[in-house]
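Participant: The hints should help you fit chain P with the ligands onto chain V, whose structure is shown.
Here the protein sequences line up with chains V and P, keeping their order.
Numbers 1 to 480, taken from our numbering, label the letters of the first sequence in order.
Numbers 481 to 960, taken from our numbering, label the letters of the second sequence in order.
Just so you know, the hints here were simulated from the structure itself, not pulled from any lab data.
Each residue gets a CB set at the ideal place from its N, CA and C atoms; glycine is no exception.
Covered stretches of chain P, as calculated for chain V (at least 3 residues, CB under 8 Å):
1. 493 to 500
2. 621 to 630
3. 655 to 666
4. 777 to 788
5. 797 to 806
6. 814 to 821
There are 2 protein chains.
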Amino acid sequence: MTRVLTLDSMNPNVKRVEYAVRGPIVQRAVQIEKELKEGAKKPFTEVIKANIGDAHAMGQKPITFFRQVLALCSYPALLEDSKFPEDAKQRARRILEACGGHSIGAYSASQGIECIRQDVARYIEKRDGGIPSNPDNIYLSTGASDAIVTILKLLVCGEGRDRTGVMISIPQYPLYSAALADLGAVQINYYLDEDNCWSLNITELRRALSAAREHCNPRVLCIINPGNPTGQVQSRQCIEDVIRFAKEEHLFLMADEVYQDNVYAEGCQFHSFKKVLFEMGPEYSNTVEMASFHSTSKCYMGECGFRGGYMEVINLDPEVKAQLIKLVSVRLCPPVPGQALLDLVVNPPQPDEPSYATFMKERTAVLSALAEKARLTEQIFNTVPGITCNPVQGAMYTFPRITLPQKAIDKAKELGLVPDMFYCMRLLDEEGICLVPGSGFGQREGTYHFRMTILPPTEKLKVVLQKIREFQLRFTQEFS
Amino acid sequence: MTRVLTLDSMNPNVKRVEYAVRGPIVQRAVQIEKELKEGAKKPFTEVIKANIGDAHAMGQKPITFFRQVLALCSYPALLEDSKFPEDAKQRARRILEACGGHSIGAYSASQGIECIRQDVARYIEKRDGGIPSNPDNIYLSTGASDAIVTILKLLVCGEGRDRTGVMISIPQYPLYSAALADLGAVQINYYLDEDNCWSLNITELRRALSAAREHCNPRVLCIINPGNPTGQVQSRQCIEDVIRFAKEEHLFLMADEVYQDNVYAEGCQFHSFKKVLFEMGPEYSNTVEMASFHSTSKCYMGECGFRGGYMEVINLDPEVKAQLIKLVSVRLCPPVPGQALLDLVVNPPQPDEPSYATFMKERTAVLSALAEKARLTEQIFNTVPGITCNPVQGAMYTFPRITLPQKAIDKAKELGLVPDMFYCMRLLDEEGICLVPGSGFGQREGTYHFRMTILPPTEKLKVVLQKIREFQLRFTQEFS
Ligand SMILES: Cc1ncc(COP(=O)(O)O)c(C=O)c1O
Ligand SMILES: Cc1ncc(COP(=O)(O)O)c(C=O)c1O
Chain V
1 MTRVLTLDSM
11 NPNVKRVEYA
21 VRGPIVQRAV
31 QIEKELKEGA
41 KKPFTEVIKA
51 NIGDAHAMGQ
61 KPITFFRQVL
71 ALCSYPALLE
81 DSKFPEDAKQ
91 RARRILEACG
101 GHSIGAYSAS
111 QGIECIRQDV
121 ARYIEKRDGG
131 IPSNPDNIYL
141 STGASDAIVT
151 ILKLLVCGEG
161 RDRTGVMISI
171 PQYPLYSAAL
181 ADLGAVQINY
191 YLDEDNCWSL
201 NITELRRALS
211 AAREHCNPRV
221 LCIINPGNPT
231 GQVQSRQCIE
241 DVIRFAKEEH
251 LFLMADEVYQ
261 DNVYAEGCQF
271 HSFKKVLFEM
281 GPEYSNTVEM
291 ASFHSTSKCY
301 MGECGFRGGY
311 MEVINLDPEV
321 KAQLIKLVSV
331 RLCPPVPGQA
341 LLDLVVNPPQ
351 PDEPSYATFM
361 KERTAVLSAL
371 AEKARLTEQI
381 FNTVPGITCN
391 PVQGAMYTFP
401 RITLPQKAID
411 KAKELGLVPD
421 MFYCMRLLDE
431 EGICLVPGSG
441 FGQREGTYHF
451 RMTILPPTEK
461 LKVVLQKIRE
471 FQLRFTQEFS
Chain P
481 MTRVLTLDSM
491 NPNVKRVEYA
501 VRGPIVQRAV
511 QIEKELKEGA
521 KKPFTEVIKA
531 NIGDAHAMGQ
541 KPITFFRQVL
551 ALCSYPALLE
561 DSKFPEDAKQ
571 RARRILEACG
581 GHSIGAYSAS
591 QGIECIRQDV
601 ARYIEKRDGG
611 IPSNPDNIYL
621 STGASDAIVT
631 ILKLLVCGEG
641 RDRTGVMISI
651 PQYPLYSAAL
661 ADLGAVQINY
671 YLDEDNCWSL
681 NITELRRALS
691 AAREHCNPRV
701 LCIINPGNPT
711 GQVQSRQCIE
721 DVIRFAKEEH
731 LFLMADEVYQ
741 DNVYAEGCQF
751 HSFKKVLFEM
761 GPEYSNTVEM
771 ASFHSTSKCY
781 MGECGFRGGY
791 MEVINLDPEV
801 KAQLIKLVSV
811 RLCPPVPGQA
821 LLDLVVNPPQ
831 PDEPSYATFM
841 KERTAVLSAL
851 AEKARLTEQI
861 FNTVPGITCN
871 PVQGAMYTFP
881 RITLPQKAID
891 KAKELGLVPD
901 MFYCMRLLDE
911 EGICLVPGSG
921 FGQREGTYHF
931 RMTILPPTEK
941 LKVVLQKIRE
951 FQLRFTQEFS
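Looking at chain V on its own, in the form it has when it is part of the complex:
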């Protein structure tokens, strides 16, 4: 039988897509978990998945207020229940009133529920010290992933040397390379500076851009701040430089700011691209085209499963906006529970409301624990011979560099594996710890890294760090 659809006859762009965060190593981890369940004997009793930024999976508890409102929205009979606080009920009523038939089971407007877009705009204004935000520029989405892919899809066109080029940082979050492969766009790598806390360097942007101009049409510059997988937080100065560069070079800016609450290091602060853009004056704020992204998946709430998110567009051509609305209509609407959750994130309990104290306690507990774990991770890794690690200034990851003995590199090649994949596979098999090899995010030739989340509970994180330490020593010894 010859099939209609085979590897040879399928969409070649899809074949080119890679996605390491859920790649072979994770599939192996799932396999091992099954074996453990079936009673297999291993040198460990559980697999610790530090491969993905999934806070709840690592034991973080949801914010009570958010879940109360979601329960009320799901089953409005609970609005009569005195166990629920008034502010939760008031939020739920407001959301339900904005839904068709007062049900979160109705499709919403494709751009998202209007009153939620208004709340998002108000949140952005408050965050950015009063710089206006227009709800018409807000598009709710199915996680930030969806919005990022959608705006890239609008931007990609041309053939051969005219094909759209998109600049992404290396290391990068692999959604970007995957989306670019899928769209057949040209990926333009600019390298973050590992020796300077993974900071972004304008000279490197210039180098990457002029090299790319030889073979494609660079039109887009993507920034992740705070960074995944690198955990760096960009300085205000750096953001200004990037915006100036984008204007000079006529690039559309994409600012991925899903970790905007995740800033830990002293002296670091989150500056939104929108705010800096507007503070640079009308010469910039009236001309630079930009989309910025946020999500319910990260920060202190970590509500990944709801797939909530939004993007704000700035200076988008009105005709293109109409095209964007048409495009998002095809999939009808983002999940309404995710929209509801996003509404709570941008409009949380206020000081005069009954849920405020608990909300703040829960939020602060999560963020301080993360700050503590960020510190701990850097500190411990930097005591391990062969591992060097930048400070985790923000986000949820560390991306330490590992020095691999030549014999290990040779062994990996013999097995047909990238050296850091070999390292991570061995770590998984021997210690039950699941990390993502640096090669999944991109790294300078000849350097090796892994990405680890700092999300496990502190005590477990300590165990993980200890186990990696032991493994690293053993591994180095074995191949010396």
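Facilitator: What follows is chain P with the ligands alone, placed relative to chain V:
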């Protein structure tokens, strides 16, 4: 200022996308609603949106059991609440146990939560009289829309005469044409037979296919059963013929079965493509490649906002399956509340469970009301001069044919409008009823239609039918 992203410099495939269900007429309806809210005087006091298959927006109430479980999953503290029935709690516990960290806020496996995929497989087996279904062949999705676009994306490749052609019915659900435009695939139209209750005719399939072979590479055949916008239900014989045709012509089958519970006409019955395929024997069941789709948005539950859905693939090449899993990984996972809801749809209360009676009562009430409205709609429309209407055998729509006076057609052309768009715009402005013009779904040259949902509550539906009747008489008179 010249922008980076303009209508001229954007992705030309996106420009080609059309999506009538949420097109200009709906935008105008939203506008009118705003005007009414601001106190504008109109010949009506509300806009009735019969343009979209959105049951809750039309006042249908959610199934109590489903929403109880969703509330429990959202806020597990309620598991201690004696107000909730035991079967709802048991379902919620089972779903939570399958979630990372026992939270629906964790990302799930990209293919969907395993135990839910198992439940889906069991549901399919039961539905299809025991024909086996493998959970590995089930992919949960963000509504059926997502799964449909994903499988099309895998299938489209080639350039020029080798470009993949995809056969779709005319009239069609415009997700298909939109997705094909976006992917740059070749749309191959086959016309349903309006004179025979919109049935599918193999001779017409053959005609369309051989014409298409002149200029592209036809590889896919899409079927919607029960049909949107046409409301027809395919006979077992017809499905067999289609499967035989797909095998002979080496086509990948896509069976959109989101209306599988929505069958009303006497003598009609839903037959799944999967079941018929397997009953045709191994010659077919071992060779014909197929994907079929289901959704939480339709049937008796109408839970559109949750964006739940699944597809089952049959005879998919194992290497392609790996590619599919990789592709869906990029967007991390479908919304978990939607997955949970899907689990309830495929695993509803059983006769020995406390919620069974209420569940059955609610389900039956919705489906009998729909059957009644289907009958009513056909009956009333067929008494209106200039409107002819096939029986609404299934789904949620009627697609009646309207005879337009030549003067109306001329007037429309003068205004630069398609004639049935002109008709629907006038109906909206004069009666506050929002329908979709037939041209949004495709129709034979020189014929005109509109699509109306049968979802408004019976009394309101009667008013709508009466108003359309009056409008049709007035409109015909005006242009005679
Ligand atoms: C930098 C970055 N952007 C976007 C996303 C996508 O998140 P989601 O689609 O869950 O909102 C992630 C997820 O890890 C991320 O790290
Ligand atoms: C035939 C058909 N397929 C698919 C869909 C998509 O539905 P959803 O994405 O909400 O599951 C619809 C929605 O109306 C439809 O009518």
